[in-house]
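Q: Working from the sequences, and respecting the hints, build out all of it.
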Amino acid sequence: MWRASILLIASLSLNAVGQPARVASLNLCTDQLLVLLADPNQVASVTWLSQDSRTSSVAKQSQSFATNTGRFSDIAHLQPDLVLINSYAAAATRQALQALKLATVEIKPAATVAEITTNIRVTAMALGQTERGNAMITQMEQDLAAIESAQAKRNTNAQPSALILQPNIITVSSGSLPSHLLIRAGFVPALQKFSVGYTNTEAIARLRPDLLILGDHRNKYPSLAEQMLDHPLVNQAAAQIKIHAADWICGTPRAIAVISQLDTARRRLTAPSPADSQ
Amino acid sequence: MTSVSNKPNQVPLAAEGLTLTRSGTGIVSSFSARFGDTRGDQGELVAIVGPNGSGKTTLLQGLAGLLSPTAGNVKVHGQILAELSPLPRAKLIAYLEQNPRVHWRLTVEAVIRLGVPQEKVWWFSEDPLKKEFLEHICDLTFCQDLRHHTIQDLSSGEQMRAHLARLLIANTPVVLADEPTANLDPFYQLQCMQLLSNIAAQGKTVVVVLHDLTLATRFCNRMILLNKGTIVADGRPSEVLSEANLRRVFQLKASAVAGETGLKEIGVAPEYPWTILND
Amino acid sequence: MTAQVKRSSLLGGHKWLWLSLVSLNLVLGWAALILPTAPGLPSMENIQLLQAFSEALFPSADWRLTPLAALEQQILMELKLPRAILALSVGCSLGLVGASLQGLLHNPLAEPGILGISSAGALGATLTFYSGLAATLPMAVPLGGIAGAAIATLGLFLLAGRQAHTATLILAGIAINALAGGLTSLVLNLSPNPFAAMEIIFWQMGSLADRSMSHVWLSLPLMLLGWVSVGAAARSLRALALGEFTARSLGISMPMVRLQIIGGAALAVGAAVAVTGVIGFVGLIVPHVLRSVVKQDPAVLLPASALGGAALVTAADLAVRLLPLQVELKIGVLTALIGAPFFFYLIARQRNTADAN
Chain A
0 MWRASILLIA SLSLNAVGQP ARVASLNLCT DQLLVLLADP NQVASVTWLS
50 QDSRTSSVAK QSQSFATNTG RFSDIAHLQP DLVLINSYAA AATRQALQAL
100 KLATVEIKPA ATVAEITTNI RVTAMALGQT ERGNAMITQM EQDLAAIESA
150 QAKRNTNAQP SALILQPNII TVSSGSLPSH LLIRAGFVPA LQKFSVGYTN
200 TEAIARLRPD LLILGDHRNK YPSLAEQMLD HPLVNQAAAQ IKIHAADWIC
250 GTPRAIAVIS QLDTARRRLT APSPADSQ
Chain B
0 MTSVSNKPNQ VPLAAEGLTL TRSGTGIVSS FSARFGDTRG DQGELVAIVG
50 PNGSGKTTLL QGLAGLLSPT AGNVKVHGQI LAELSPLPRA KLIAYLEQNP
100 RVHWRLTVEA VIRLGVPQEK VWWFSEDPLK KEFLEHICDL TFCQDLRHHT
150 IQDLSSGEQM RAHLARLLIA NTPVVLADEP TANLDPFYQL QCMQLLSNIA
200 AQGKTVVVVL HDLTLATRFC NRMILLNKGT IVADGRPSEV LSEANLRRVF
250 QLKASAVAGE TGLKEIGVAP EYPWTILND
Chain C
0 MTAQVKRSSL LGGHKWLWLS LVSLNLVLGW AALILPTAPG LPSMENIQLL
50 QAFSEALFPS ADWRLTPLAA LEQQILMELK LPRAILALSV GCSLGLVGAS
100 LQGLLHNPLA EPGILGISSA GALGATLTFY SGLAATLPMA VPLGGIAGAA
150 IATLGLFLLA GRQAHTATLI LAGIAINALA GGLTSLVLNL SPNPFAAMEI
200 IFWQMGSLAD RSMSHVWLSL PLMLLGWVSV GAAARSLRAL ALGEFTARSL
250 GISMPMVRLQ IIGGAALAVG AAVAVTGVIG FVGLIVPHVL RSVVKQDPAV
300 LLPASALGGA ALVTAADLAV RLLPLQVELK IGVLTALIGA PFFFYLIARQ
350 RNTADAN
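Residue numbers (numbering that gives the first Met the number 0), protein chains in the order written: chain A, 0 to 277; chain B, 0 to 278; chain C, 0 to 356.
A portion of the hints provided could be inaccurate.
[As the list claims (entries may be wrong)] Quick list of simulated restraints, FRET-style, between CB atoms: (1) C:GLN325 <-> A:THR269: 32 to 38 Å; (2) A:ALA238 <-> C:VAL288: 49 to 55 Å; (3) C:ASN45 <-> A:ALA144: 51 to 57 Å; (4) A:ASN234 <-> C:GLN325: 22 to 28 Å.
Everything labelled a hint here was simulated from the structure, so no lab data went into it.
We treat Cβ as the ideally placed atom computed from N, Cα and C, and that holds for glycine.
A: Have a look at this one:
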C-alpha cells in the first residue's frame, strides 16, 4: 500500500512561485524523481549513485549536482528546504531530520506502474512542479496504452516464461518492480513454476525459461559472481535479452521502456512461424 | 655396485686427513685411519672412544658419508665416498645413529625392513628382501619374538635389538654404530657387543663409538682414542688405554691389563679431585 | 608359529583396504552423478545415466534423446560430472598432501590448511583472477595458486626449520594463514568489481558449486603432476620414519625428497584451491583415521589418504548439496566442523606424550 507522508508542508519555505528552493535527496530512487521533476536550480544534493550510469537513468543530468553518500551529515550544512528520503531510510537519518525540523517527503519504493505514477505525483506536488508531473504521467499512460493495444491486436494468449538472472545466480523475487514489469509485458516469471529455496545452476537449467533476462553491464574486472553466468548450462539455456539495470532498479518513467523492450522480445518468441500462419 | 665391494686388494674403509667442521662442538681434524683388512675375509671390530665432545659422533657421521669433509676424504673399497651417490653408498655402509628414534608406531619387522636400501621407488616393484635373510637377521639379533610388536612398546634393550637388526639387514661390508650400548642394562650391553663382535667375525668391518671403556676393551680388537678431534692413540685396547692416556684424556687414574676384560683400579686421578666418577 | 614373510610390492598386504576405499569412492562418485545439486530437485535415473554416458561416448551412434533426456544429459555432463571429478581429485590432492607433509615433518598435525599452504594458494589464485589476467590466460589462475602454495611451503621450511617442533610448525602456519588471508581480503577489496568483496567466503571456505568442465581441464592435469611427484617420495617417506640422518644413510637424498614433496604439494594443493577455494582439515582427518589401518606405514598411507580424501570431500559435497538450507553451505564449513575437533584431540594427545617424556 502506497503511503507518502508529506510532513511539515506548512513550514516549507517556498520561493516566489511557491516552490522549495533547495531540495536534497538521500536515496537513488528519490534522486531520479527529483532530477526529472525539479528545475536544475532547485536541486541541492543527490546521492553519488545517481551519477553512475550503471545504476541511474539520470546520470548525465546529475553530473553537475553536489553529491552525498545517503547520510544526513553530508547535507546538513546545505540547510535544504526539503529533503526527499526513501521509506527505508535509516532511523538515525530520520531522527536527525526530525530534530532539525527539516521538511521531509518520504517516498516508498515503487513495485508497480501505478505506484510509480503516484510517486511522481507526490514528488511533483512537493516540488511545486505539479504540471510537469502530470505531463510525465500522461506521457507514460499514453505509451503504455499504445503497447497494450498492440498486444491486444496480436491476439495471442501465449505466455512465455522469463527468468531474470543477476550475478551470483540471484533471481528477482516476486512482488518486485522487475517481476511486475515482466507480468505486464505478458510473461510468466519462470520461478513461479518451480519451487526451490534458492536458485542454483541446475535449478535454472531445469526451469527451462523461454527467455533469460540479464543485465547489460559487465565489469571490466572479473568476479566469480559474474563468471557463474558464463556456465554453459546457464548461458546456452534459452533466448536472452539484456536490460539496462538502471531502467528498473527504481521506479521511473523508464519502466515503460522496459515493458516495451520485453514486449518486443515476447513478440519474437510467440510469433507464429511462417508455416503456421494462414 | 657389487663390483665395488668385492675388490680384494682395497681396504674396506679408510680415512685420509679427514677434517670435519660443524657449528657447535665436535670438530675432527686430519683424521687418518684404515679399517678392516685387505684380504676381505676377516672382519674387524674397532671402538672409537674419547671423552664427551671429543668428536666421536662427528667422526662417525663423516665416515658414514653423512657430513661432507672440509678436507681429506673417506674411501670405501678404494672409492671416494663423497663421489658416491646416496644409494650405492647405502649399499656399502650401514649407519646406526645415537639414540635412534622411530617416528611412527611401526612394528619391529617394519623397522627392520626399512634397513634395506631401496633401489626402485616405484609402486609395484617387488620387495628385494629375501625371506631367508630376514629370518637369519631376526635369529641373529634375537628379534624373532619381537617382530610383530610395536617398537615404542618395547624396552630399550629390545628396541636396540630391533635397530641392530635394521642395521644388519642391509648386509653391507661396513657397519658403523654410534653408542649402541647407551641406555642399556648390563646384560643387553653385553648382548649388543657380542652381536657386533659376531658380525665382525663374519668378515665385516664394524666401527663402534663407545662410552664404556670396559665394554670396548672386552670386545674390540682395536681401539682409537680421540681427544679434541684428533687421534691420541690407535691400537690394541691395552696399549691405547695406557695409564698416561687415561690420565691425560679422561682425567682418570686407572689401568687396563692386557688379556683382561676391563679396567683395573678405576679411580679419579689425584690431580682432578673435583671429578666424580661413579660407574 | 613361524611368521609369514611375504615378498610383496609397496601396495601389497592391504587388499581389503584398497577394495573398500575404491568401492567407497565408486559409490560416492555414482551418488554425485545421480543425486541433484540442490534439495528439491529430481534425481537422475540410472538408465538415464547409462544412456547419457553412452551417447557421450559414442556420439555417432543413432541415439535419439527426448528434450527432457537431453536436458538431463546436459546437467550430467556440464554440472554434475565436473563437480564429481573435482570433488574426487581435490579430495585426493588434500589427503595425499596431508599424509606426505606429515611423513616429511614427522608430525600428525601437518596439513595444507593448517600450515597455510592452501590459503597462500588461494591468494595466488585471487591475485591472478581478480586482476583480470585470467580473462586473457585462463591457466593463470591455477598457476597463481601453485605459485602461492609453493612460496608458502618454502617459507614454512625456512620459518620452521627441517625438524620442526609442533609449536613452531603451528605458529608458522598461523603466521602464513594470517598473512595470506589478509592479503586475499586486500585483493578482493581493491578489486574495482563490486561483487569481489563478497567472494572472500568462497576462497576461505571453498565450494564445488557451479564448476564446469573448463575448471577440470585447468586443474586436473596439474594435480596429477603433483600426485606423481608426491607418490614418487613414498619409499623415502618410509625411511624418514627413522629420522633424517638414518634415512640419508639408507640412500635417501633429502634435497630430492623435499623437492618431490614441496613441489608436489604446491602443484596439487595450488591447483585444487584455485578452482574450489580452501577446503580445510581434509589432510588432517583422513591420514589420522587411516594411519592405524595401514599399520602406520608412511608410504602406504599416501595412496590410502588419497582415496580417503577423495571419499571425504565427495561425501561432504553431497551433504552440502542435499542439506535443506536457504543458501548452499560452503563445503569448508562442513570439513571444519568435522576437522576442528580432530585437531583439538591431536593437540591434546601430543601434549600428553610430550608431558610423559
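Q: Does each hint hold? Answer for all of them.
A: Verification of the hints:
For the pair C:GLN325 and A:THR269, the supplied restraint of 32 to 38 Å holds, since their beta-carbon distance comes to about 35 Å. At about 51 Å, the CB distance of A:ALA238 to C:VAL288 agrees with the hint of 49 to 55 Å. Taken as a hint, the range 51 to 57 Å holds for the pair C:ASN45 and A:ALA144, whose Cβ atoms sit roughly 56 Å apart. Here the CB-CB span from A:ASN234 to C:GLN325 is close to 25 Å, well matched to the stated 22 to 28 Å.
Hint check: no violations occur; every hint is consistent with the structure.
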